[in-house]
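Using the sequences and the hints given, assemble the complete structure.
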Amino acid sequence: MVDAGPSWTKERVELLTRLWSDGLSASQIAAEIGGVSRNAVIGKVHRLGLAGRVVRANGASQAAGRRPRGEADSSIALVAGSQTVLAPAPPSLALVPSHASAASDPVALPESVRVTIMELREFMCRWPMGDPSTPDFRFCGDRAITGLPYCTHHSRIAYQPAAERKRDRRAVGFR
DNA sequence: CCCTGATTCGC
DNA sequence: GCGAATCAGG
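Residue numbers (numbering that gives the first Met the number 0): 0 to 174.
Keep in mind that the hints were calculated from the coordinates and are not lab data. Even glycine gets a Cβ: it sits at the ideal position worked out from N, Cα and C. Incorrect hints may appear among the rest.
To be verified - Ranges of calculated distance between the beta carbons of each label pair, as one might list FRET restraints:
| # | residue 1 | residue 2 | range |
| --- | --- | --- | --- |
| 1 | G48 | T115 | 45 to 51 Å |
| 2 | T8 | I144 | 30 to 36 Å |
| 3 | F122 | L47 | 33 to 39 Å |
| 4 | D130 | A50 | 42 to 48 Å |
| 5 | W7 | G51 | 18 to 24 Å |
| 6 | P134 | K9 | 33 to 39 Å |
Below you can see the structure in the form of structure tokens.
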């Protein structure tokens with residue numbers, strides 16, 4: 000019954016491998032498996048030689064180099080009352096791909112918080128939802144990636160993998 | 001403010 | 001082999 004030792008059993012390794020290849024992040028996997036930290040997951044992944052997974056449909060990490068599909072310069076100024084928010088124009092307002100979520104994603108999708116312009120904070124996703132000219136216009140409002148205007152979810156949509164970011168991670172010899 | 005994976009190193 | 005601490009970055 001009780002767990003004798005929450006080590007990496009065969010089943011856990013298989014689950015880890017499946018979830019990792021499925022595109023889930025280390026923290027997500029850790030939460031799914033339970034009893035392990037994301038560091039433990041990452042460590043195990045490396046030991047298994049699963050690191051450097053294919054950066055394709057998910058690339059939940061450094062996939063976004065700096066290659067906006069649309070125009071990063073063409074921003075849209077949204078004015079509401081005395082507030083003005085400058086939000087980068089998304090690639091396409093009409094077609095919002097729903098393929099972002101993994102095909103076999105057991106966990107919940109990142110639900111959009113849907114905030115108004117008044118509730119929008121600097122660290123919130125500025126992905127426009129709806130027509131800016133209508134009163135029911137909302138922003139995603141989810142937690143945005145620092146330095147970027149979008150959350151992880153919308154960043155994957157806005158910044159599609161065009162050029163692979165060269166991982167020039169040096170072998171830490173000093174610090 | 002949040003998150004991601006990569007690496008090191010004591011255990 | 002394991003994973004917390006740390007690093008480097010989005």
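Range hint compliance [Cβ, D130 to A50, 42 to 48 Å]: holds, 44 Å
Satisfaction of the hinted span 33 to 39 Å by the C-beta atoms belonging to F122 and L47: holds, 34 Å
Distance restraint hint 33 to 39 Å, applied to the beta-carbon atoms of P134 and K9: Since P134 and K9 have Cβ atoms about 57 Å apart, the given range 33 to 39 Å is violated.
Supplied distance hint 30 to 36 Å, evaluated on CB atoms of T8 and I144: For I144 against T8, whose Cβ atoms are near 35 Å apart, the range 30 to 36 Å holds.
Consistency of beta-carbon spacing, G51 to W7, with hint 18 to 24 Å: About 20 Å separates the Cβ atoms of W7 and G51, which means 18 to 24 Å holds.
C-beta pair G48, T115: status relative to the range 45 to 51 Å that was hinted: With Cβ atoms ~48 Å apart, the hint holds.
In summary, the structure is inconsistent with hint 6 from the numbered list given earlier, while agreeing with all the others.
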